Amino acid sequence: MTDIAAGASALPSSGAEVEIDVYEEKALGFWIYLMSDAIIFALLFATYVVVSKNFAGGPNGQTLFDLVRTFGETMLLLFSSITFGFASVAIRLGKQETALAWLAVTFVLGAAFLGLEISEFTGMIAQDAGPQRSGFLSAFFTLVGTHGLHVTMGLIWIVILALQVLVKGLTPPVVSRLFRLGLFWHFLDIVWIGIFSIVYLPGVL
Amino acid sequence: MLGKLTIEALPFYSTIAAGGAAITVLGGLVVLALILWLGVRYVWTEWATSVDHKRIGMLYVMFASVMLLRGFADAIMMRSQQAIALNSGGYLPPGHFDQVFSSHGTIMIFFVAMPFLTGLINIIMPQQIGARDVSFPVMNAVSLWFTVAGGALVLISLVIGKFSTAGWTGYPPYSGIQYSPDVGTDYWIWALLIAGVGSTLTGINFLTTIIKRRAPGMTLMRMPLFTWTSFCTSILMVFAFPALTVAAALLALDRIFGMHFFTNEAGGNMMNYINLLWIWGHPEVYILILPAFGIFSEVTATFARKRLFGYASLVYATMAIALLSFMVWLHHFFTMGSSANVNAFFGITTMIIAVPTGVKIFDWLLTMYHGSLKMAAPMYWTVGFIVTFVIGGMTGVLLAVPPVDYLMHNSTFLIAHFHNMLIPGALFGYFAAYMYWFPKAFGFTLDERWGIRAFWFWLIGFWLAFMPLYFLGLMGMPRRMEHYNVAAWQPYLIVAAFGAVLIAAGIGCLIMQLVVSIKNRKEAFDLSGDPWSGRTLEWLTSSPPAPYNFAVVPDVQDVDAFHDMKRRGVAYRRPAAYTDIMLPRNTSLGLITGGFAFVLGFSMVWHIWWLAIVAGMVILMAVAVRSFRDHTEFCLTAAEVQAIEDQRFAALAKAPSHFEDLAPAHGQPVPRGAT
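Protein chains in written order, with the numbering used here: chain A, 1 to 205; chain B, 206 to 880.
Don't take each hint at face value.
Quick list of in silico lysine to any residue cross-link-like pairs, SDA-like style, CA-CA up to 20 Å [stated by the list, open to error]:
no., chain 1, residue 1, chain 2, residue 2
1, A, Lys-53, B, Glu-653
2, A, Lys-26, B, Phe-833
3, A, Lys-53, B, Glu-470
4, A, Lys-53, B, Met-475
5, B, Lys-417, A, Ala-90
6, A, Lys-26, B, Thr-837
7, A, Lys-168, B, Arg-831
8, A, Lys-168, B, Phe-833
9, B, Lys-417, A, Lys-53
10, B, Lys-417, A, Ser-176
11, B, Lys-417, A, Gly-130
12, B, Lys-417, A, Ala-101
13, A, Lys-168, B, Arg-834
14, B, Lys-417, A, Val-22
15, A, Lys-26, B, Arg-834
16, B, Lys-417, A, Arg-180
17, A, Lys-168, B, Glu-470
18, B, Lys-579, B, Met-475
19, A, Lys-26, B, Arg-790
Stretches of chain B that chain A covers, calculated by requiring three or more beta carbons in the stretch to come under 8 Å of a beta carbon on chain A [unchecked claim]:
no., region
20, 405-411
21, 469-482
22, 701-714
23, 824-833
In short, the hints are calculated from the structure, not lab data.
Please read all numbers here as calculations on a predicted model, not as lab measurements.
For every residue, glycine included, the Cβ atom is placed at its ideal position computed from N, Cα and C.
One chain only, chain A, in its complex shape:
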């Protein structure tokens, strides 16, 4: 191809084409961020496993964990993932009100999860089983707390994007942001499955 004009025609000429490219690019960047975040969780899991028997004479999982509450937390988070899925379907169909409603349900479920987690944490601290008590509890609070912090960020993000939907409608930039929020939210679900299977289940067994 010796004709330079042919090189020029390889440029995306219409604006729409460029925009689609940009959203794909942002999605890829966000996937890479999630992988990086996954490493953080992986190392927190590893740290937890290393010190999970270091009770230092303090309480262990059998006395501290309450599987009923954990089951409730799990259900809330899993259902919030489903409701976010419904929101995504509504977004794809361009149904703004439905999307907002499902986002609101997702928010409520996420907030309820967080409420249960906070009550668990305060309960443990009240019975002198706070993060300072032992290596096991330091790792427990940090791992579960980091996940909780992510959920908090996700909740704030849901509010911000719901506001954007209200102000701007389902424009392509807003839809692309909702897509990335979806990735984030489902990612937190997967991490919680890990927490359930590595922290709570072996803890009570």
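Following the hints, put chain B in place on chain A, whose structure we already have.
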């Protein structure tokens, strides 16, 4: 109200500390004066709020250069202390000496090498792949200012409070609150955490850019080697830096909230910290060295006037090193109680890394072989690197043998080894890049004579400063000694100190080179944009490049795309008409978030909780508000592009042509594809 911060934090306890503080404050005033001299408005619009990858890259390199001076000041203090401290206290008290070696390592790794290579990749990589900017220009600015915020925390520790005495690796339990109750370790932790966020974001940005923004025809196996090494370095940044974040964050939780991750009691596990730190730390070595390998590849091919020998083998070797770098971390602590089999495994993986590295060395040598070598300043650094680096590599293989490591660990032999890797391996590469790509960034070439003088001072200074440390290590001298009582060591330490003086002269030559080059820039303007008869796409742009780099995105048909375009006679063809170009708009988001990240770090160090919360909220708010913005670009119209390109081609017409260089070297028969 002010947490632990009191007037006691000011360094009036010793004249040396007060002197260091005064120099730091003076340095800050010089920067301030420079900004005022250049004009606040100019600095604000053209630099501080710029999201142009080239401007951000230049700021990274400038920041790294300033920090190099600070890091070297620490180095020469240590060398002079050890040269005189036989049976005496020398001039540095132990607590101060410990701060000096801790800040030397921290600064050189995090705030010299990291920003230097990040800056170089920023300036060059997008141009090498035919892109107009990185994927996320605003995030790029955020990364820059987070890195600067981390560096600023290290600098301010000299004025307010103290720096860590726990070494650049900060091993617990010593770095825990029980043994290091002062704020030094906290400064270290927060500088790393904040700069680490910047590095992770940078890795994400570069990775996405290389995957998504390559020009048409730029397949992976046509990417220039520097882009390939940037790619591998970015992968390592994304996957290794979380480990540093976790290690430092957990140490902070131990120190602030009294948790027991790494403490000596209540179920802490110190070895876990050491594992976490080196899971980051060993890939970090390759984060620093791989870009330099890319630079040496570009420089060698350009100045040998040949296509790289074994391009594919260099790519595979780079990938192999990146992969292996995650499998060797335990060799940093062979002596800390792993079983013989575990040690053997990590010893073997470590030795295997020497294989791809050796492949690279031979590829560079064979690129030079039968090439038409032009010994410009970047080539001096490259040849000096090859000769010196091989020795460091061989002592590395030695240390990879666990029984040998039992004898050598924590001795100056180790110090000599890793300086032997990082000074020729990384820093010489960055200097080669600085002299090679300076005209691309600033539009005029650097003075060759001062550059070559700097090289000789650095090379000889390096040999004199570090070869004695190998011998001292074999004689049993441990690292980090403030004073000693073995008379046999002193002559070697005096030679090492003299080497450091020569390196100081090398730094002086680098400064002189810059001054002389700026003074004589009118004779050295690079009108063609291609001063070395380059082979890769960054030489197709003007020097300095237009904001959009390429008015027409190039069509790539070969490795060494630009060389290929010149041969086909299409390099400087102008299109019938230019099109509008969308460019990212300036933003102060990077400066705001970075500035408040500094405030956040500072208030966490001094336990000023309310301020930390405020700073965190401001960062969050700034990002949230920003997220509402849909139109972050502005349009450079076709007419404006035309005007810029007209100027470019007028300059090009006046420039000397390089086309005679396209003939095969010496008229010798060369393998197919070698030109």
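Hint check:
1. A:Lys-53 / B:Glu-653: violated (63 Å)
2. A:Lys-26 / B:Phe-833: holds (15 Å)
3. A:Lys-53 / B:Glu-470: Status holds; Cα separation ~14 Å.
4. A:Lys-53 / B:Met-475: holds (15 Å)
5. B:Lys-417 / A:Ala-90: Between Lys-417 (chain B) and Ala-90 (chain A) the Cα gap is close to 29 Å, so the pair fails against 20 Å, i.e. violated.
6. A:Lys-26 / B:Thr-837: Holds - the C-alpha atoms of Thr-837 (chain B) and Lys-26 (chain A) are around 14 Å apart, at most 20 Å.
7. A:Lys-168 / B:Arg-831: holds (15 Å)
8. A:Lys-168 / B:Phe-833: holds (9 Å)
9. B:Lys-417 / A:Lys-53: Status violated; Cα separation ~46 Å.
10. B:Lys-417 / A:Ser-176: holds (17 Å)
11. B:Lys-417 / A:Gly-130: violated (47 Å)
12. B:Lys-417 / A:Ala-101: Given that 20 Å is the threshold and the Cα spacing comes to 35 Å, the pair is violated.
13. A:Lys-168 / B:Arg-834: holds (11 Å)
14. B:Lys-417 / A:Val-22: The given pair, whose Cα atoms are some 9 Å apart, holds under the 20 Å limit.
15. A:Lys-26 / B:Arg-834: Holds, because 15 Å separates the two Cα atoms, which is no more than 20 Å.
16. B:Lys-417 / A:Arg-180: holds (18 Å)
17. A:Lys-168 / B:Glu-470: violated (55 Å)
18. B:Lys-579 / B:Met-475: violated (53 Å)
19. A:Lys-26 / B:Arg-790: holds (17 Å)
20. 405-411: holds (count 4)
21. 469-482: holds (count 7)
22. 701-714: As far as the region 701-714 of chain B goes, the hint is violated, because 0 residues have Cβ atoms under 8 Å from chain A.
23. 824-833: holds (count 4)
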